[in-house]
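These protein sequence lines are chains A and B, in that order.
Our numbering numbers the first residue of the first sequence as 1 and each following residue consecutively.
Our numbering numbers the first residue of the second sequence as 1 and each following residue consecutively.
Keep in mind that the hints are not guaranteed to be accurate.
To be verified - Derived pair list, reagent style DSS-like, types lysine-lysine, alpha-carbon separation capped at 27 Å: (1) B/K152 with A/K79; (2) B/K82 with B/K152; (3) B/K15 with B/K156; (4) A/K79 with B/K15; (5) B/K15 with A/K82; (6) B/K83 with B/K156; (7) A/K82 with B/K152; (8) B/K152 with B/K80; (9) B/K15 with B/K82; (10) B/K83 with B/K15; (11) B/K80 with B/K156; (12) B/K83 with B/K152.
Stated by the list, open to error - Some chain A residues flagged as far from chain B (calculated, every beta-carbon gap over 10 Å): (13) S44; (14) K63; (15) A88; (16) M93.
No wet-lab data here; the hints were simulated from the structure.
Ideal Cβ placement from N, Cα and C applies to all residues, glycine included.
Residues per chain, in single letters:
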Amino acid sequence: MTNDQHAGQPAHQNHAGIPLYVAFLVVLAIITACEWAIFKFRVSLGISNFVLVAALSVMSLVKFFMVVGWYMHLRYDPKLLKINFIFAFLLVMGIALGLLTLMSAHG
Amino acid sequence: MSTHLETNTGVDNRKFAMWTLIGSECFLFGTLITNYLINRNRSVTGPTGQEIFNIDLTTLSTFDLLLSSVAMAFAVYYCKHKKLRPMQWSLATVALFGLFFLGFQYYEFSHFLHEGLGLSTNVFGASFYMLTGCHGLHVAVGVMIISTLLIKSLIKGEAWFNDDVVEICGLYWHFVDVIWIIIFTVVYLFVYV
Chain A
1 MTNDQHAGQP AHQNHAGIPL YVAFLVVLAI ITACEWAIFK FRVSLGISNF VLVAALSVMS
61 LVKFFMVVGW YMHLRYDPKL LKINFIFAFL LVMGIALGLL TLMSAHG
Chain B
1 MSTHLETNTG VDNRKFAMWT LIGSECFLFG TLITNYLINR NRSVTGPTGQ EIFNIDLTTL
61 STFDLLLSSV AMAFAVYYCK HKKLRPMQWS LATVALFGLF FLGFQYYEFS HFLHEGLGLS
121 TNVFGASFYM LTGCHGLHVA VGVMIISTLL IKSLIKGEAW FNDDVVEICG LYWHFVDVIW
181 IIIFTVVYLF VYV
């Protein structure tokens, strides 16, 4: 059995509830505020470009997976849907990184 | 509760279709983001992002979309639990925050045009407007979809509880939010990198 209905349970029983959604909103808002603060105070804090890109990328990815995993319920969805999305996302990332590397190598 | 036909994948076909659409949208936005990253520093004339971006305003619009996302999650939750009024309020909140976001974008674009950055000014402008404009178009479509759901539920009342449709529309809306999370970082916060 691949989904909750087949197992005889309503799908929403495994989904997150209101308190968790609010908690996630608070976390997402804090991360966004941190991103803004890092951007605003990067010069006074002496943050290098490498650290800036790494920190902001990690925070962005955390937000990305929080929304996809919980708000979009992919965490609770069947494997087929997870593969469908993750495969497309990784393929896009691979193509984008390949293109950027190629273009930067050619100036 | 709405029901859907049994499928050989065990997944509602409409939900599967929406995730497939989202996968293909990843390619669309992946292309536009890559195009922006390649071309953003190749302009021979200004203005550029470093001169005109307003990060405070963009952060505010990011908060706005995050709030709309949690309201959409509420709408799906209340629909599954057959709570009509809270669901309608949640959907109305999503549509309202979506409109706020479009207002932010209209203000930003107007400001940029006033500063001399048009679609054909330079390659930065072309790639920037293509990316953020395409995202804005998706937000506008999302607002129309959410508004349609809200109007249908207002007309039909308790007889209308279509949790599959609300969840599928929610997937689209959250994806629009996810794309903005990436655009906010890559386009706006990486502007000096």
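Hints, one by one, checked against the model:
1. At roughly 32 Å between alpha-carbon atoms, B/K152 and A/K79 are farther apart than 27 Å, so this suggested pair is violated.
2. Under the criterion of a C-alpha separation no larger than 27 Å, the hint pairing B/K82 with B/K152 is consistent with the structure, at around 15 Å.
3. At roughly 23 Å between alpha-carbon atoms, B/K15 and B/K156 fall within 27 Å of each other, so this suggested pair holds.
4. A distance of roughly 13 Å separates the Cα atoms of A/K79 and B/K15; the hinted pair therefore holds under the 27 Å criterion.
5. Only pairs whose Cα atoms come within 27 Å are accepted, and B/K15 paired with A/K82 is accepted, the gap being roughly 12 Å.
6. Taking the CA atoms of B/K83 and B/K156, the gap is about 14 Å. The hint holds against a cut of 27 Å.
7. For a cut-off of 27 Å, the pair hint linking A/K82 to B/K152 is broken: about 31 Å separates their Cα positions.
8. Straight-line distance between C-alpha atoms of B/K152 and B/K80 comes to about 16 Å, which keeps the hinted pair within the 27 Å bound.
9. Only pairs whose Cα atoms come within 27 Å are accepted, and B/K15 paired with B/K82 is accepted, the gap being roughly 20 Å.
10. Taking the CA atoms of B/K83 and B/K15, the gap is near 22 Å; set against the 27 Å cutoff, the hint holds.
11. Using a Cα cut-off of 27 Å, the hinted pair B/K80 and B/K156 holds, with the two alpha carbons roughly 17 Å apart.
12. Restraint check for B/K83 and B/K152: satisfied, since their Cα atoms lie roughly 15 Å apart, inside the 27 Å limit.
13. At roughly 14 Å, the least C-beta separation between A/S44 and chain B is larger than 10 Å, which holds for a residue marked as non-interface.
14. Its closest Cβ contact with chain B, about 5 Å, brings A/K63 to no more than 10 Å, contrary to its assignment away from the interface.
15. For A/A88, the condition that its CB be more than 10 Å from all CB atoms of chain B is violated, with the nearest at approximately 3 Å.
16. Non-interface status of A/M93 relative to chain B is broken: a Cβ of that chain comes within 10 Å, the nearest being about 7 Å off.
Hint check: violations occur at hints 1, 7, 14, 15, 16; the rest are consistent with the structure.
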